[in-house]
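Each residue of the sequence shown is one higher than the one before, counting from 1304 in the numbering used here.
Because the hints were derived from the structure by calculation, they are not lab data. Mixed in with the good hints there might be a few duds.
Calculated cross-link-like contacts (lysine to aspartate or glutamate; reagent style DMTMM-like; alpha-carbon spacing at most 25 Å) [to be verified]:
1) Lys1395 <-> Glu1446
2) Lys1389 <-> Glu1350
3) Lys1395 <-> Glu1479
4) Lys1389 <-> Glu1450
5) Lys1389 <-> Glu1360
6) Lys1395 <-> Glu1478
7) Lys1395 <-> Glu1350
8) Lys1395 <-> Glu1342
9) Lys1395 <-> Glu1424
10) Lys1389 <-> Asp1326
11) Lys1395 <-> Glu1341
12) Lys1395 <-> Asp1325
13) Lys1395 <-> Glu1420
14) Lys1389 <-> Glu1359
15) Lys1389 <-> Asp1334
16) Lys1395 <-> Asp1348
17) Lys1389 <-> Glu1311
18) Lys1389 <-> Glu1342
19) Lys1389 <-> Glu1341
20) Lys1395 <-> Asp1334
21) Lys1395 <-> Glu1452
22) Lys1395 <-> Glu1450
If you anchor each label on the Cβ, the simulated ranges turn out as follows [as the list claims (entries may be wrong)]:
23) Leu1441 <-> Ser1415: 47 to 53 Å
24) Tyr1391 <-> Arg1314: 33 to 39 Å
25) Val1465 <-> Glu1360: 33 to 39 Å
26) Arg1346 <-> Gly1433: 20 to 26 Å
Built from N, CA and C at the ideal position, the CB exists for glycine as well.
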Amino acid sequence: MDERFAFEGLRCAFDAIHRFADDIGYLVLYDRTPPRREEVLGRLDLERPGRRLRAEEVCAWVRDIAQRNALGEERCRFRLRLYAPKGYRALKSVSFSVADTAPVPTTPQEASDAICEGIRELGERYAQYGQQVLDATLAMQAEHQREMEAARRQLAARRAQVGELVACVVAMTREEQRC
């Protein structure tokens, strides 16, 4: 997919990501194609549960989002802003542009092939999204099962304690009746 797009200024954005890699809390990618407007395309938090994203992963995310939004466009302009944790300071702001250099289909067969390829890619994206949703649902279900099992164990322990207390009360009542 890379050979299809022509980037200008993306290397500067990647250099900034590598230079500030240890200081970045999150970054935001804006679409600046419409004049005097900035539309937020995405925000990426570098701190993930259990690990921090590497600079190469961040660069791949920026490139992927830019390519997705430049599909079929003659030229798109983007701004990438790097922020310190909690956004207390903007570390760097970099602009770059992307042009979709895909050849325009000249015959109905080429157009049909392009449509089929697009539909195939869309299907793959939906399959990836569906797998992510399924994985998240399974993780939530497993967590729910663990919590329910812990609650069942606690309930059984509390019932046993109540049984012991009732037995003690009955024993004390019998002792009092004997006296």
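Each hint tested on the structure:
1. Lys1395 <-> Glu1446: violated, 40 Å
2. Lys1389 <-> Glu1350: Given that 25 Å is the threshold and the Cα spacing comes to 11 Å, the pair holds.
3. Lys1395 <-> Glu1479: Cα-Cα ~81 Å, so violated.
4. Lys1389 <-> Glu1450: violated, 32 Å
5. Lys1389 <-> Glu1360: Distance of about 21 Å is within 25 Å: holds.
6. Lys1395 <-> Glu1478: violated, 81 Å
7. Lys1395 <-> Glu1350: It holds: about 18 Å lies between the C-alpha atoms, which stays within 25 Å.
8. Lys1395 <-> Glu1342: Distance of about 18 Å is within 25 Å: holds.
9. Lys1395 <-> Glu1424: violated, 34 Å
10. Lys1389 <-> Asp1326: Given pair Lys1389, Asp1326 holds - Cα atoms ~11 Å apart, limit 25 Å.
11. Lys1395 <-> Glu1341: Between Lys1395 and Glu1341 the Cα gap is close to 16 Å, so the pair holds against 25 Å.
12. Lys1395 <-> Asp1325: Given that 25 Å is the threshold and the Cα spacing comes to 13 Å, the pair holds.
13. Lys1395 <-> Glu1420: violated, 37 Å
14. Lys1389 <-> Glu1359: holds, 22 Å
15. Lys1389 <-> Asp1334: Cα-Cα ~22 Å, so holds.
16. Lys1395 <-> Asp1348: Given pair Lys1395, Asp1348 holds - Cα atoms ~15 Å apart, limit 25 Å.
17. Lys1389 <-> Glu1311: violated, 30 Å
18. Lys1389 <-> Glu1342: holds, 21 Å
19. Lys1389 <-> Glu1341: holds, 21 Å
20. Lys1395 <-> Asp1334: Holds - the C-alpha atoms of Asp1334 and Lys1395 are around 17 Å apart, at most 25 Å.
21. Lys1395 <-> Glu1452: Violated: Lys1395 and Glu1452 sit about 49 Å apart, past 25 Å.
22. Lys1395 <-> Glu1450: violated, 44 Å
23. Leu1441 <-> Ser1415: 47 to 53 Å: violated, 38 Å
24. Tyr1391 <-> Arg1314: 33 to 39 Å: violated, 28 Å
25. Val1465 <-> Glu1360: 33 to 39 Å: About 53 Å separates the Cβ atoms of Val1465 and Glu1360, which means 33 to 39 Å is violated.
26. Arg1346 <-> Gly1433: 20 to 26 Å: Because 23 Å falls inside the window, the suggested range holds.
Hint check: violations occur at hints 1, 3, 4, 6, 9, 13, 17, 21, 22, 23, 24 and 25; the rest are consistent with the structure.
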